[in-house]
Amino acid sequence: MLHVVVRIHHLSSPSLVMKRDTSGVAGFFEDLPVLMFVLAGTFMIVASAVYASESVMSGEKSKELEYLANRSADLVASEVLGERSGIVVTVGSVCSTRLSQIVKDFLETRNFCMSIVIVHPEFKLLCQVPEPSDGLPKHACSASRLFNALTDEGYVAILVVRLLAW
Amino acid sequence: MDAVVFFVIAMAISSMLFYYAKAEAVQTPSGMRDGQSDPEAILRVFLCASLGEEAVLDLGREIHVSGNSEIAECLKIEFDALVLGADPGGFNPLNDRLVQILEAICNPVLEPHLVAIHLFDRGSEKILSIPSEPPDSGTRYASSAELPGYEGSSYLLMLILVPAPLPEILPVGAGYLDLGP
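Heads up: the protein sequence lines correspond to chains C and L, in order.
Quick note, my numbering runs 1204 ahead of the 1-based positions in the first sequence.
Quick note, my numbering runs 408 ahead of the 1-based positions in the second sequence.
Check the hints yourself; a few may be wrong.
[What the hints assert, rightly or not] If you want the footprint, here are the derived chain L segments under chain C, 3+ residues with CB under 8 Å:
#, segment
1, 418-432
2, 475-487
3, 504-517
[To be verified] Below 30 Å or equal to it, Euclidean Cα-Cα: the simulated DSS-like pairs (lysine-lysine) are:
#, chain 1, residue 1, chain 2, residue 2
4, L, K484, C, K1267
5, C, K1328, C, K1342
6, C, K1328, C, K1308
7, C, K1342, L, K430
8, L, K430, C, K1265
9, L, K430, L, K484
10, C, K1265, C, K1308
11, C, K1308, C, K1267
12, C, K1342, C, K1267
These are calculated hints, taken from the structure and not from any lab test.
Computed from a predicted model, the values in this text were never measured in an experiment.
Beta carbons: idealized from backbone N, C-alpha and C, even for Gly.
Please build the complete structure, drawing on both the sequences and the hints.
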């Protein structure tokens, strides 16, 4: 009975445990440079992949917005000028046309801001719909179209339709 | 050694991804062009528009060009006169007005240049370039229209848009602004 007790005490001696802990800590620090290389490489791949995907997504969104803005500007220009080309419309008829509803129907859920400006013979804002709100959109695209219109004074003016979609 | 190889491969992959992302960002989205940057649209509306203000030309005797006159007609009269040997300086008020109109129509980041060439049987001759000669190199956008000319000849009118030079950036607090007493 006494013999068995002594053997157990010998196996759990503090010197043996200390030796194992010391070698374990040294091995961990030896592997740190390897771990740093692996972690840095993994981080670089993940970061560049996230950046590339964000960039591609942003580009796709810009392309779609650009198409919508250009198409809306074309719709406005064709509504103002009508089917026949070479006909000069009057400035009054441009203002009376329900252009904002046409753009709203086309863009559906998208926001937009449209303005029609006379740039020649004088600079004058004809109309702006809807009124600009506070804050700036994160992604937006603009388009403009030029056309002639007859003023009340008898001049052939140059008008610009500017459309911002977001 | 394995970790270093992995790191080098990771660098190569991330460089490729960054290059791809940058190429996507720089790529022009489509062939659509803004109306105020499109030389064809600008030239079309410019030629059909009225002069807007009366111009007084000094060609030996004073000639008043009405503000209702179509710009294309004014240009044809000017080109005919230049071909017949009129003094180009006499048309300066008209040319200044035309440059003003072009600058009002164009996108502010572009500088318009109007060049006219007289086309006749034996060849061609440049007769007008306002406000100055366009640069020979660099990015340029152009459109042209042909106007009927004197005795069966014709005039080739070219609108050339070049990127406007960037404004000089003044240092803050360098004393450039005279705010007065």
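When the hints from earlier in the document are held up against this structure, which numbers fail? Going through the list in order, the structure violates hints 4 and 9 and respects the others.
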